[in-house]
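Enquirer: Residue 16 is where the sequence shown starts when you use the numbering used here, and the numbers rise one by one after that.
Be aware that a few hints might be false.
As the list claims (entries may be wrong) - Pair ranges (Cβ atoms, derived): (1) R204 to K151: 18 to 28 angstroms; (2) R33 to R164: 30 to 40 angstroms; (3) E233 to S197: 52 to 62 angstroms; (4) E28 to V232: 42 to 52 angstroms; (5) R204 to S47: 18 to 28 angstroms; (6) K151 to A185: 48 to 58 angstroms; (7) R115 to D146: 20 to 30 angstroms.
These aren't lab readings, by the way, just hints derived from the structure by calculation. Glycine included, each C-beta is placed from N, C-alpha and C at the ideal position.
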Amino acid sequence: MHRDRTVGELLREWRRRRRLSQLDLAVQADVSSRHISFVETGRTIPSRRMLLHLAHHLDVPLRERNRLLVAAGYAPAYERRPLEDPQLARAYEAIQGVLRGHEPFPAVAVDHRWNVLLSNPAMEIFLDGVDPELLKSPVNMMRLGLDPRGFAPRLQNLGQVRAYLLPRLARQAARTGDPELSALYEELRSYGTEDDAPPTAGPTDIAMPIRLRHDGVELSFFSTITTFGAAFDITLEEIAIETLFPTDATTTAYLRRPGRSPDETARA
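My request is simple: use the sequences and hints to build the entire structure.
Expert: Structure representation (structure tokens):
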């Protein structure tokens, strides 16, 4: 039978997930270890302010901070608005501006589970030959990249990409405590082998490349991730914008050739 967890149990779980002792957290948050012990054992219900203070020092995601507050009997502190909400209009415009401004090179905005929110038209090169089932909403970028039905067969360095992305996904699942990310990790891990080559630098590489075969041409990219700083909305905190940059002249020329860059930002 399901039982709602107490605030003390949840706080202890986050402390252990961050590999901190009660004393470590006490020193970091400038509170007594005795108080933390009392909170975790249920002898004390922390104030709303103290709970948010501890959650901040434990780097608890905003949606999980709400869970802590509710478990302690307080109202949630953070809202989760749809990306189209008028209050997020400026942020929405900023995301669209980044995606448009990055054309003719690929860029995509994803949520905390790697589901596509927005993308620019250049991302279409990754969708060639993808099983239509993977293109049903929500489209998941991790699944597109590592599922054999996605663009994985066209990746010329699939082993390296897997060896980079899977540990990254595992760390994210551990950091957030999200069971759906853990399930995604187990699913994607099952598609490969244990001998994936770890990322290594070639003589001309500045970052791990993503080498994609498309239209008879090998395209090569490296990626950057942009997030919102100090977000107070759950939706914004969980958005990441991945921008892909060409690593060679062939890729640059291919993507800049006439007729390849529509003006409109595409929605997944």
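Enquirer: Could you check the structure against the hints above and give me the numbers of any it violates, in ascending order?
Expert: 3, 5, 6
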